Amino acid sequence: MTNPSDRVISDIAPGEFDTGVSSGRKVFGNVMTGLVFACVAIAILPLASIIFMVIANGLGRFSPAVFTELPPPPLVEGGGFRNAIVGTLLTCLIGALISVPFGVLTAVYNVEFGRGNKLSQFVHFCTNVLSGVPSIIAGLFAYGVVVLTLGTFSAIAGGVALAVLMAPIVIRTAEEGLKSIPRDVRQAAVGIGATNFQSVFSIILPAALPFIATGVTLALARAAGETAPLLFTALFNQYDAKGLREPIATLSVLIYNYAISPYKNQQELAWVAALIVVLLILAVSILARALTSRKVY
Amino acid sequence: MTTNPSTQPNARSSMLPESDVVIQTENVSIYYGSFQAVRNVFLDIPKNRVVAFIGPSGCGKSTLLRCYNRLNDLIPGARVEGKITYQGVDLYDPKVDPVEVRRRVGMVFQKANPFPKSIYENIAFGARVNGYKGDMDELVERSLRGSALWDEVKDKLKQSGLSLSGGQQQRLCIARAIAIEPEVILMDEPCSALDPISTLRVEDLIHELKQQFTIIIVTHNMQQASRVADYTAFFNAEAGDGGSRFGYLVEYDRTENIFNSPKQQSTQDYVSGRFG
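For the protein sequence lines, the chains are P and B, in the order given. Here the first sequence stands for residues 1 to 297, where the numbers follow our numbering. Here the second sequence stands for residues 1001 to 1276, where the numbers follow our numbering.
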């Protein structure tokens, strides 16, 4: 009876499989890996430093008062900016109410009904162009259409400007969501005698809902930080706006106004507002991720 | 366009004296754009029988099957020549609404494709879009019993249809198909993604379903065809004039004849495993 290990043959040189041994190939691999990590670090650096600066400068003044009080006049201490928080939420809400129905239905047309025909290709092209339009142009559009018509700066005008910016994001993500629904499911719906309308609105759209919700939250995150289109649509207001048809403060415009003001208290408030905007966008982005993870397909 | 001489003599199926014909396929050719996928098929489907379509991949079995409920309409460029009649009505008459056709001719797909909804809703949806006014709970139970799934899911009707196993999902899809009370059920390789035990359950189910329904099943599994089908149609593919391959019907007969005494050499070769 021979020992089985006697029958094992080997031509592996001592240390050949060891991790520590360096050949030119392995050194090159390690260097490149290091380079990749260095690039990642450089890419993250701006975000990290922004968050650091905003927290370092804003946290000191962060208190319940910023949510409940109005901005003080120059040279008066304390105060907050509840009007701007309400204004940002309100203009974003108006933007979403306009852009989401139009955006989702446009995506439904493009993916489910147009199916790559001339019109849907044209719409797709327009969406791409719209997403590249500078936000100040969206503001000009809302100024021309809403502000001049109503005769006043207003939350409605701000919402319209934001809707123009949100629409392409909503359309694109909703299109992606609809496209992700397997063809099998469409055929199943049609195969049991559902009309196109029934299959889209009862089966496909609900299945794509997590995607669409993600798109809407991403669009909201973008809109919440926009300043340029609000400068001459929503304008600004030192006090609470009493209705949708008068100028209203928003966080981003407040940051713009107060950051360049000479008064220390107002500069501090601008930092706190920046912190709140960043936190708001962070929260919305996390929400978007959570919604995406709930997708069915 | 020449018809293939080896196919025509047997392709005309006049051997169904004991049963009524529900679907007639008369000289049907199917095109995708300019590409001819299926050429000159004559085929009659008898009522309350199981007909199996067998043949190598790319011979047009599924393509033909999807014409019987006009599901090919969904594919841009698909076009049918010849005549397909269901109970004497030309399915490709411009007046015919494909949505109505699909209510009468149901379909079970190769890959189980339940809706991303609850088990209950998977069945109720089809009934509802077809205007079912009766007791929905009763219909759901009856359909699930019909597909031999009721005992496994009766306590979790609210759960997602996607939470079931592959075999259960396929039986859910069969339940969904029979819930709209069609007259014909088309099955496109319904067991190709299932394990042997789930396959057997589905085959048993097909045996029961043929009491009420006419079933056309596409399968790559010849044992399956011989187990479930009363009639078998053998399709083959051949290179055409331009070099592109088209499918055609080689032979259509009672299943035992196809497997034991086929008239065509290519059928004999295929069913005995000698391809070509």
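One or more of the hints may lead you astray.
Chain B is nowhere near these chain P residues, computed Cβ spacing over 10 Å in every case [as the list claims (entries may be wrong)]: (1) 37; (2) 47; (3) 63; (4) 179; (5) 187; (6) 194.
Computed list of lysine-lysine pairs in PhoX-like fashion (alpha-carbon distance at most 20 Å, straight line) [to be verified]: (7) P/179 x P/118; (8) B/1156 x B/1117; (9) P/295 x P/179; (10) B/1083 x B/1095; (11) B/1047 x B/1083; (12) B/1210 x B/1047; (13) B/1083 x B/1117; (14) P/295 x B/1095; (15) B/1210 x P/179; (16) B/1117 x B/1154; (17) B/1117 x P/295; (18) P/179 x B/1111.
Note that these hints are calculated values from the structure, not bench results. Since the model is a prediction, treat every value here as computed from it, not as a measurement. Glycine included, C-beta positions come from ideal geometry on N, C-alpha and C.
**Asked** Can we trust that residue 63 of chain P is non-interface, i.e. its beta-carbon lies farther than 10 Å from all of chain B?
**Response** Given a closest Cβ separation of 46 Å, the condition holds.
**Asked** Is the hinted pair residue 1156 of chain B and residue 1117 of chain B satisfied, with a Cα-Cα distance of at most 20 Å?
**Response** Given that 20 Å is the threshold and the Cα spacing comes to 13 Å, the pair holds.
**Prompt:** Taking 20 Å as the top limit, are the C-alpha atoms of residue 1083 of chain B and residue 1095 of chain B close enough?
**Reply:** holds (14 Å)
**Request:** Check the non-interface label on residue 179 of chain P: least C-beta distance to chain B beyond 10 Å or not.
**Result:** At roughly 15 Å from the nearest Cβ of chain B, residue 179 of chain P sits farther out than 10 Å, so the non-interface label holds.
**Message:** Check whether the Cα positions of residue 179 of chain P and residue 118 of chain P lie no farther apart than 20 Å.
**Reply:** holds (18 Å)
**Asked** Is residue 1083 of chain B close enough to residue 1117 of chain B, meaning Cα to Cα at most 20 Å?
**Response** Given pair residue 1083 of chain B, residue 1117 of chain B is violated - Cα atoms ~38 Å apart, limit 20 Å.
**Asked** Would you say residue 37 of chain P is clear of chain B, with no C-beta pair closer than or equal to 10 Å?
**Response** Residue 37 of chain P is indeed farther than 10 Å from all Cβ atoms of chain B, at 39 Å.
**Proposed proximity, residue 179 of chain P with residue 295 of chain P (alpha carbon, max 20 Å)** = holds (13 Å)
**Message:** Need the status of pair residue 1117 of chain B, residue 1154 of chain B: alpha-carbon distance at most 20 Å?
**Reply:** Roughly 16 Å between the alpha carbons, so the hint for residue 1117 of chain B and residue 1154 of chain B holds.
**Prompt:** Would you say residue 187 of chain P is clear of chain B, with no C-beta pair closer than or equal to 10 Å?
**Reply:** violated (6 Å)
**Message:** Does residue 1083 of chain B sit within 20 Å of residue 1047 of chain B, going by the straight-line distance between their CA atoms?
**Reply:** holds (19 Å)
**Message:** For a C-alpha distance cap of 20 Å, please report whether residue 1210 of chain B and residue 179 of chain P respect it.
**Reply:** The given pair, whose Cα atoms are some 37 Å apart, is violated under the 20 Å limit.
Violated hints for the displayed structure, listed by number in ascending order: 5, 6, 13, 14, 15.
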